[in-house]
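K.L.:
So the chains spell out like this:
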Amino acid sequence: MVGCISDLSACLIDAGIGPGLAGFLETLVGTLIVTLLPLTLVIILVWIERKYSARVQDRVGPNRVGPFGLLQPAADAVKMITKEDITPAGADRIVYNIAPILSALSVILIWAVIPFSPVHIGVDLSIGVLYFFAVGSVGALAVMLGGWSSNNKYALLGAFRVVAQLISYEVPNILAALMPVMIAGTLSMQGLVHAQAGMWFAISLPLSALLFFISSIAEVGRTPFDLLEAESEIVAGFNIEYSGMKFGLFMAGEFLHVLTIAILTAVIFFGGWLGPGVQEVPALGWLWLAIKSTILYLLALHMRSTLPRVRIDQLMSFNWKFLVPLSLVNIIVVAFLFKLVQELGLTPAADETTNIIANLPQTFILLLGNLAIIGGVLVYLRGLGREQRLANEMAAAVDEDVEHHPHHDEEVAAAAVAD
Amino acid sequence: MNLVNEWGFVGLFMAIGWIFPTLPLVISWFVRPRKKNDIKVSTYECGVETVGDTWVQFKVQYYIYGLIFLVFDVEMVLLFPWALAYSSLDFFAFGAGLLFIFLLADGLYYAWKTDALVWK
Amino acid sequence: MNIEITFETITFAIFGVLTLAGGIGVVTTRNLIHAALYLIVSLFGVAGIFILLAAPFLAAIQVLVYIGAIAILIIFGVMLTRGMTHLPERFNRQGGLAAVVVIGGFVVLLVGVILPVWGPNGAVAAEAQPIFMTTRDLGIALVDKEQFVLPFEVASVLLTAAMVGAIAIARDDESRD
Numbered sequence: 001m002v003g004c005i006s007d008l009s010a011c012l013i014d015a016g017i018g019p020g021l022a023g024f025l026e027t028l029v030g031t032l033i034v035t036l037l038p039l040t041l042v043i044i045l046v047w048i049e050r051k052y053s054a055r056v057q058d059r060v061g062p063n064r065v066g067p068f069g070l071l072q073p074a075a076d077a078v079k080m081i082t083k084e085d086i087t088p089a090g091a092d093r094i095v096y097n098i099a100p101i102l103s104a105l106s107v108i109l110i111w112a113v114i115p116f117s118p119v120h121i122g123v124d125l126s127i128g129v130l131y132f133f134a135v136g137s138v139g140a141l142a143v144m145l146g147g148w149s150s151n152n153k154y155a156l157l158g159a160f161r162v163v164a165q166l167i168s169y170e171v172p173n174i175l176a177a178l179m180p181v182m183i184a185g186t187l188s189m190q191g192l193v194h195a196q197a198g199m200w201f202a203i204s205l206p207l208s209a210l211l212f213f214i215s216s217i218a219e220v221g222r223t224p225f226d227l228l229e230a231e232s233e234i235v236a237g238f239n240i241e242y243s244g245m246k247f248g249l250f251m252a253g254e255f256l257h258v259l260t261i262a263i264l265t266a267v268i269f270f271g272g273w274l275g276p277g278v279q280e281v282p283a284l285g286w287l288w289l290a291i292k293s294t295i296l297y298l299l300a301l302h303m304r305s306t307l308p309r310v311r312i313d314q315l316m317s318f319n320w321k322f323l324v325p326l327s328l329v330n331i332i333v334v335a336f337l338f339k340l341v342q343e344l345g346l347t348p349a350a351d352e353t354t355n356i357i358a359n360l361p362q363t364f365i366l367l368l369g370n371l372a373i374i375g376g377v378l379v380y381l382r383g384l385g386r387e388q389r390l391a392n393e394m395a396a397a398v399d400e401d402v403e404h405h406p407h408h409d410e411e412v413a414a415a416a417v418a419d
Numbered sequence: 420m421n422l423v424n425e426w427g428f429v430g431l432f433m434a435i436g437w438i439f440p441t442l443p444l445v446i447s448w449f450v451r452p453r454k455k456n457d458i459k460v461s462t463y464e465c466g467v468e469t470v471g472d473t474w475v476q477f478k479v480q481y482y483i484y485g486l487i488f489l490v491f492d493v494e495m496v497l498l499f500p501w502a503l504a505y506s507s508l509d510f511f512a513f514g515a516g517l518l519f520i521f522l523l524a525d526g527l528y529y530a531w532k533t534d535a536l537v538w539k
Numbered sequence: 540m541n542i543e544i545t546f547e548t549i550t551f552a553i554f555g556v557l558t559l560a561g562g563i564g565v566v567t568t569r570n571l572i573h574a575a576l577y578l579i580v581s582l583f584g585v586a587g588i589f590i591l592l593a594a595p596f597l598a599a600i601q602v603l604v605y606i607g608a609i610a611i612l613i614i615f616g617v618m619l620t621r622g623m624t625h626l627p628e629r630f631n632r633q634g635g636l637a638a639v640v641v642i643g644g645f646v647v648l649l650v651g652v653i654l655p656v657w658g659p660n661g662a663v664a665a666e667a668q669p670i671f672m673t674t675r676d677l678g679i680a681l682v683d684k685e686q687f688v689l690p691f692e693v694a695s696v697l698l699t700a701a702m703v704g705a706i707a708i709a710r711d712d713e714s715r716d
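Protein chains in written order, with this note's numbering: chain A, 1 to 419; chain B, 420 to 539; chain C, 540 to 716.
The hints are simulated quantities; they were obtained by calculation from the structure and are not laboratory data. We put the beta carbon where it would ideally sit given N, CA and C, even for glycine. It is possible that part of the hints are untrue.
Claimed, not checked - A few chain A residues facing chain B, derived, Cβ under 10 Å:
(1) Asn97
(2) Ala112
(3) Gly375
(4) Leu378
Please build the complete structure, drawing on both the sequences and the hints.
P.N.:
Structure representation (structure tokens):
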């Protein structure tokens, strides 16, 4: 019976079902599980998210419906389903109705390539990484459609902003995922996990992991990048005209997307389902992946409840003038070091890839390169910040027309010399 | 062939995947109240009546970001095969990739210096 | 000539219909945004056909670049052209002529491609060598001195030139306002 968890079709064939039918049944069951799982999870996620941000803000959070308010999301769902659905006058009906479905679908489809354990994955596509970027880019389209079809100025403006944000942050996101692909030499998700058997990419490529996580948060549109619902500026963003369950679908998609990016980060950089005992009991992979992604998920929630929102010009500058150039430098440095490691013969031998000791030299060199970039960036930013501060101080001094301040002049002179 | 199975699964996934988001909408269609009136379906603009057409002209800035993204998108797509094969290539491949990325960065530098990246 | 009805032919039929229906929608609708959406349907159909041709990498690119970037860019472009979303009148009355010319050109192209391969003395339909190129092979070929390293770099130059040109044009436009 336990064997059925790992290999359903073999188990069905044993039970006397034809191989063709067994294969189809296995696929069908797999599809149903993988599509239903995120939708079931989202109900729990809503509760976790509300409770967590409530605790951070010194509130109690939902506590009336069910024990600890656990049934609150269910009550919300019932409420949203029974709400009147208002389609604004002048809306483009078909597109207006497709947009929320497409939005939720673009997140659910990503789950097809998430490896949950050595044997459990929807489908291990040979281009897995590109698949989820491709599917994710459909999400931007859903936002665009929703905003356009509502026939509302705020909605359209919000949609434009969000799409500009989503496509911009897709660049560092994809560039960061390029590094694990380079080291692992595969685009398949299982392949990426197997390549980390010796060492997690988060350790050998911490900068890529950081870039991936930050740009993913922006892709989801969470604080500090939550411009898609900048309440104070554009009321609620692209989904302003949506009500009832259609609004609920947009929200469900967003909640689910946060968990999805946490899982993807765990899979690509933190070893996915790898952990003690996985080789013997493949189902343990679920547990390890759940633990890793929960930690990353809580980190994202913590960012949401503690950070302020950035302005849109800051958002764009941060991406194009900081993240993208940094990603490009990262690629060049890692590519060079990786080749160097290979030329020096420090890569682990083919039969030793799972051995941590054999992986140490390569990891050490790559880590050193990453730390050098991070250090360089920090020094550069410090210089930039000081320049900015001095410029501000100078401006302030001129404005107020204060009397001569010798100490201040010294600082300016020192800065000039340093430059 | 294996390919049919792989992508058949994705096809099945797409076929089944959209049912679950649609289901709540269908249930909602049966149980929700219908009390339409002109005020309710009017465009929401914080209580003020809307003026003019919604489809106003947008800033060219969005288009520029779209263009820069498109260029980067194509470049990244070309970088993926390079990264995939990288471990079995020699230093020449590193040089080729370096030149490629350098040219890419060149365009970004131009956009930066001409203030095309500044949100106005 | 008989066509075997298999899983693949059915899928091909579905994607073919999607592609063509999307294309027809693009040229017949009067709403520019709807035209962009039909274009996406059409592009999706092409992505499906790429998968049937055992080229999943190209299919992913099709979705990532064409649907994820170019379609969005087209929508942005439509929004930039104020009042163009609902065209009241037709500007071009030579639609029929254009259709005939395009169809004629397409037939010539089709015959030119098909005849040498599958025609009576074609380059043998029976013995078409199946070539399996993985994405990795593509990567090796792209940076091989003997093969495509020059086009690879030229592509980068071309893209950079496109970006610089686009920015220059768009900025020029802005300053004239």
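K.L.:
Next, verify each hint and record whether it holds.
P.N.:
So, going through the hints one by one against the coordinates:
| no. | hint | result |
| --- | --- | --- |
| 1 | Asn97 | 8 Å, holds |
| 2 | Ala112 | 5 Å, holds |
| 3 | Gly375 | 21 Å, violated |
| 4 | Leu378 | 21 Å, violated |
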